[in-house]
Amino acid sequence: MKIFDPRHETLGPEELEQLQLERLQALISRLRRNVPRYRKSLGSVRVPTPADLSNVPPTSPEDLGAAFPYGMFALPLREVMRLYSTIGPGGMQLVVGHTRNDLAHWGRLAARQLVAAGGTEHDVIQIGFGGGASGQALGFMLGAEQIEASVIPQDAYRPEYQLAMMQSYRASILITTPTQAQELAAILDRRGIDPQSLQLRSVLLTRPVPDTVREELKTGLFSQVHCSFGVGEVLDPGLCVECEEGRFHVNEDEFVVEIVNGELLVTTLLREAMPLLRYRTRIQCDMERVRCPCGRTGAVLRPLGRLDGRLRVNEMPLYRNQIEALLAQTRAKGHPFLLDISEREVRISIMVTAELFPDTVRMMQGLKTEIESAFLEQLGVRAAVEYLGPRDYEQREKNDQSKAFPGGW
Amino acid sequence: MLRVRNLHCGYGSLRVIRGVSFHVAPGETVALVGANGSGKTTTLNAVAGLLAPWEGEIRIAGRDTTRQPAWKNVFNSAVLVPEGRQIFGDMTVSENLEIGGFRNPGRDVVIEDVYERFPRLRERSHQLAGTLSGGEQQMLAIGRALVAKPKLLLLDEPSMGLAPLLVRRVFKAIEELKQDGVTVFLVEQNAVAALEIADRGYVLETGEIVVEGEASDLLHNPEVKRAYLGKGYKEVWE
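These protein sequences, in sequence, are chains A and B.
For the first sequence, counting from 1, position 208 maps to 208 in this note's numbering; every step adds exactly one.
For the second sequence, counting from 1, position 64 maps to 64 in this note's numbering; every step adds exactly one.
The set of hints was computed from the structure by calculation and includes no laboratory data.
Hints should not be assumed to be uniformly reliable.
Claimed, not checked - FRET-style restraints, in silico, Cβ to Cβ:
{"#": "1", "chain 1": "B", "residue 1": "Arg67", "chain 2": "A", "residue 2": "Pro6", "range": "36 to 46 Å"}
{"#": "2", "chain 1": "B", "residue 1": "Leu50", "chain 2": "A", "residue 2": "Gly12", "range": "25 to 35 Å"}
{"#": "3", "chain 1": "A", "residue 1": "Arg302", "chain 2": "B", "residue 2": "Glu116", "range": "50 to 60 Å"}
{"#": "4", "chain 1": "A", "residue 1": "Ile259", "chain 2": "B", "residue 2": "Ala61", "range": "29 to 39 Å"}
{"#": "5", "chain 1": "B", "residue 1": "Ala52", "chain 2": "A", "residue 2": "Phe68", "range": "40 to 50 Å"}
In this text, a Cβ means the ideal position worked out from N, Cα and C, and glycines have one as well.
Construct the complete structure from the given sequences, taking the supplied hints into account.
Structure representation (structure tokens):
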């Protein structure tokens with residue numbers, strides 16, 4: 001498989017160290033000059049080698065939240081060309097800004113992933129996302145422009161429509177979420193369409209999936225399956241490149257990664273609008289340096305899970321406290337409830353007690369509709385409400401304690 | 001070819017350069033740009049060995065040259081074209097070129113190359129160097145450095161005091177050096193002209209590098225404008 005930017009993706013250790021040192025020092029002097037929060041936290045600390053980065057205080061998502069929206073920007077807004085919302089721990093809103101150069105770099109980094117997934121200028125790339133991945137869609141679009149492929153951008157997600165597009169335009173690369181890829185495979189299966197009749201060469205998923213899912217999609221869509229791994233507040237896609245060996249190589253010419261107590265910390269080396277210094281991603285990761293047959297020299301990350309209890313429902317990031325806060329706004333407030341959170345929806349079981357629900361069936365139906373539409377409107381997630389009598393409720397509660405929630409990136 | 005790490009230096013008790021790191025790979029043209037007084041020439045003088053660094057490490061072609069005097073650097077094939085040309089005004093053009101190659105036994109061949117490169121110098125080879133125009137003097141200064149067969153050419157403000165048309169001609173000459181495989185480290189106040197011919201660039205501001213990157217990226221970098229206009233951003237929503 002080809003490498004998009006061999007000069008930067010296969011840097012030797014000495015070259016990389018020099019490059020990271022230069023970029024780190026420039027980053028630190030820029031932050032000290034332009035961002036009051038960093039000026040305060042940095043003090044007089046110096047970084048004579050990249051290893052000395054560990055003396056620099058880390059930046060947490062809460063710091064970004066406290067400075068929301070523009071307190072972490074290193075440039076005035078007139079230099080910023082794009083603003084993206086992203087979700088931090090507890091569902092707090094965060095923003096990422098990009099300058100013209102930031103967008104250009106994003107395109108080049110995303111192009112590295114596309115080329116590693118087999119993309120060339122001859123490909124027709126279909127980007128089919130819905131839900132919480134619209135920021136990623138733009139990253140892939142910029143990348144596809146870099147490699148001069150033909151792109152079919154899509155907004156709302158409708159699997160049938162997506163399939164029709166794939167058939168008529170003969171898309172050779174599909175970029176989509178794992179859930180939607182699975183749905184597509186299910187449609188093919190249901191309608192008895194031979195996946196080989198599609199021209200798909202490669203499917204690029206928006207997040208890492210277990211090997212079982214990968215294998216299932218490989219057969220279901222008759223195509224290679226690649227995954228992308230990024231961090232919304234840092235860059236997604238673009239932090240890593242998944243090579244043909246299935247390893248996530250960090251783009252170390254643009255990011256310094258550290259693992260501290262199992263948590264992934266990322267420093268952006270070239271970001272202009274909103275650089276991050278030792279950003280605590282709340283993602284649990286392993287890191288190793290291996291000699292990889294693909295030729296890339298970037299450190300290899302193995303994402304293990306979230307450290308902040310982030311859930312993923314229908315590809316939307318979600319936190320339990322968001323669900324609780326939403327329920328507290330409805331008439332269900334104060335009533336005991338149980339959550340059963342699956343990859344596709346949130347099932348809410350509310351206990352019916354004599355004093356809480358003296359009303360008619362119509363009232364209960366009304367509350368159910370109220371909750372379900374509030375979920376869709378405010379969190380973008382499907383919910384299903386059911387009512388349980390006290391005995392059933394206790395039984396369910398006991399069963400649930402052993403259940404694990406789906407993790408998300 | 002050139003690698004500098006954590007360079008600190010200055011004059012007397014005045015610290016001008018505060019922890020600067022940069023590198024130039026073989027065959028690359030790299031520009032160090034910045035406003036007046038940002039420390040560009042000081043950095044270059046430290047690299048050339050004209051100024052002893054207080055701290056840090058300088059390596060040229062893999063050899064540690066940190067506290068090495070300038071004359072030794074010539075033997076490492078790093079040659080400086082100083083600010084304001086500093087040619088020998090009351091010597092002829094050809095004598096100036098010969099001095100450049102005093103330790104190069106094959107200098108006659110190289111001088112011939114220089115004449116090929118800058119035909120104007122051949123026309124004026126017997127003229128006193130002081131009577132040349134500014135642009136011709138700059139060509140002579142570069143030519144004199146080339147006669148020493150440098151692996152690394154250090155250029156200090158080649159555009160200084162030249163009319164815009166001559167600036168373009170001098171930079172064209174530098175660009176041609178790149179095509180011939182000469183490694184060039186260029187210190188320049190005229191950022192746009194320098195970044196147009198460079199592969200990469202560094203922006204120096206009050207003794208610290210604030211941006212490193214591909215020259216084409218730097219041309220669009222807000223920090224470059226800032227370093228030049230010397231204008232601080234007080235508020236992000238200004």
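For the hint 50 to 60 Å, verify it against the beta carbon of A:Arg302 and that of B:Glu116. 58 Å, holds
Falls inside 29 to 39 Å, the C-beta gap from A:Ile259 to B:Ala61? 37 Å, holds
Range hint 25 to 35 Å (beta carbons of B:Leu50 and A:Gly12) holds or violated: 32 Å, holds
Could you check the hint for me, namely that B:Ala52 and A:Phe68 are 40 to 50 Å apart, CB to CB? 48 Å, holds
Is 36 to 46 Å a correct range for the gap between the Cβ atoms of B:Arg67 and A:Pro6? 37 Å, holds
Against the hints set out earlier in the document, no violation occurs for any number.
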